[in-house]
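Enquirer: Protein sequences, first through last, are from chains E and C.
Read in order, the letters of the first sequence correspond to residues 1 to 130 in the working numbering.
Read in order, the letters of the second sequence correspond to residues 1 to 260 in the working numbering.
I should point out that these hints are in silico values taken from the structure, not numbers from a laboratory.
Among these hints, one or two may not hold up.
[Said to hold, decoys possible] Simulated crosslink set (DSBU-like; lysine-lysine; CA at most 35 Å straight-line):
#	chain 1	residue 1	chain 2	residue 2
1	C	K115	C	K128
2	C	K183	C	K115
3	C	K139	C	K128
4	C	K220	E	K88
5	C	K213	C	K115
6	C	K213	C	K139
7	E	K88	C	K139
8	C	K183	E	K88
9	C	K128	C	K220
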Amino acid sequence: MEVSRRRVFQKHLEPARPLRRCYTIDIEPNRNSATCAQALMEEVDPPKNIGIEQFLQIVNLQKPKQGRISYTRDFLIALASSPHSREKPEFLPEHPIVLTEARELGNLRLHERRWARGKEEMAAERLLSP
Amino acid sequence: MNNKFDALKDDDSGDHDQDPGSPKDGEKEKSEDEDKEQNARRKMAVPGAGEHPLQFNYSLWYSRRTPGRPASTQSYEQNIRQIGTFASVEQFWRFYSHMIRPGDLTGHSDFHLFKDGIKPMWEDDANKMGGKWIIRLRKGLASRCWENLILAILGEQFMVGEEICGAVVSVRFQEDILSIWNKTASDQATTARIRDTLRRVLNLPPNTIMEYKTHTDSIKYRRTLGPHTENLSEGVRICNESGGNDESGEGYLCVDWHCV
């Protein structure tokens, strides 16, 4: 009776194997029933003792999936002129397309204005057309 | 645990980098080292204090076909170069402001913006079931359109979950081509949403014709043209021309703006 119950236990625990990696328990296939029971206890016990830090880690893993970090074009462009955005990156390969100094991004705003005007024109055209 | 997984993934994709035409051990090791170096840099990309984090980390790549050389003999390493990886808006601007704009590029060259960990090649796991929307631009529009496209990607304006893989601007002789790559070509709801968002963020006139092409189709099309297709570096070379020559001739359409 005892033996058969233990077997059921082991079977149930089989799919949970990857957990072992987290707690670095070396379980040799040992037929000794005493060590087997001990191993089972070791395996089952740790998950109950998850500390707050571990819990937060698990929560943080899920974080990127909740709530998207989104920015509008205008917001991104507003950040382009901050001194922080103009610094030279630490790792910048030498390459013909790579500039030694940050180029002026003033044209961004110029385009924006043209863009807006174009939009108005388009809207106007749409209004005029029957 | 995560790191271990990443390392395995990197090793896998690193195999694609190898040019089967040059199996010298020394070279192989060298390129592996370079790969590791790049990975190390990539892992360092975290938002700095007070910076605005991005939803995903991205890498900027540049590729150019050397004039006068048959493209098939060129390896991935010669053709494509990773410029940098960034995790915040400020880090993006730092790289972007230190690179020339696509409109100022000459010759047969491309800028690629891809999510960190996705290589700008069809064979990458994230791309192999995917496809791309293609927009042909007449000369003079590439810089502004590229800017608007990548700002929309970085700002998560497409609202298609994790489907976006990256974008390419291809500077060619008589036209420039924009393309945006997504993971699942068969997901029509996603591709339609990407198309509609593209129209909006690029302010495309309603009659603009946009073409969707699956990467498997692109590969098939190439297979009928060239004998080098079993060669992985050839696959990469094709990828460098993404949205390039392979489309020229058929259904050519130029986007024209009212506001230019």
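Enquirer: Is K220 (chain C) close enough to K88 (chain E), meaning Cα to Cα at most 35 Å?
Expert: 42 Å, violated
Enquirer: Given the proposed pairing of K183 (chain C) with K115 (chain C), does the C-alpha separation stay at or below 35 Å?
Expert: 12 Å, holds
Enquirer: Sort out whether K128 (chain C) lies within 35 Å of K139 (chain C), counting only the CA atoms.
Expert: Roughly 30 Å separates the two Cα atoms, so the pair holds.
Enquirer: Does K88 (chain E) sit within 35 Å of K183 (chain C), going by the straight-line distance between their CA atoms?
Expert: 33 Å, holds
Enquirer: Measure nothing beyond the straight line between the CA atoms of K128 (chain C) and K220 (chain C); if it is 35 Å or shorter, mark the hint as holding.
Expert: 13 Å, holds
Enquirer: Hint check: K213 (chain C) vs K139 (chain C), CA-CA at most 35 Å. Holds or violated?
Expert: 22 Å, holds
Enquirer: When you check the alpha-carbon spacing of K213 (chain C) and K115 (chain C), does it fall within 35 Å?
Expert: 20 Å, holds
Enquirer: Holds or violated: are the alpha carbons of K115 (chain C) and K128 (chain C) at most 35 Å from each other?
Expert: Holds, at about 15 Å.
Enquirer: Mind checking the alpha carbons of K88 (chain E) and K139 (chain C) for me, to see if they're no more than 35 Å apart?
Expert: 30 Å, holds
Of the numbered hints stated above, the single one contradicted by the structure is hint 4.
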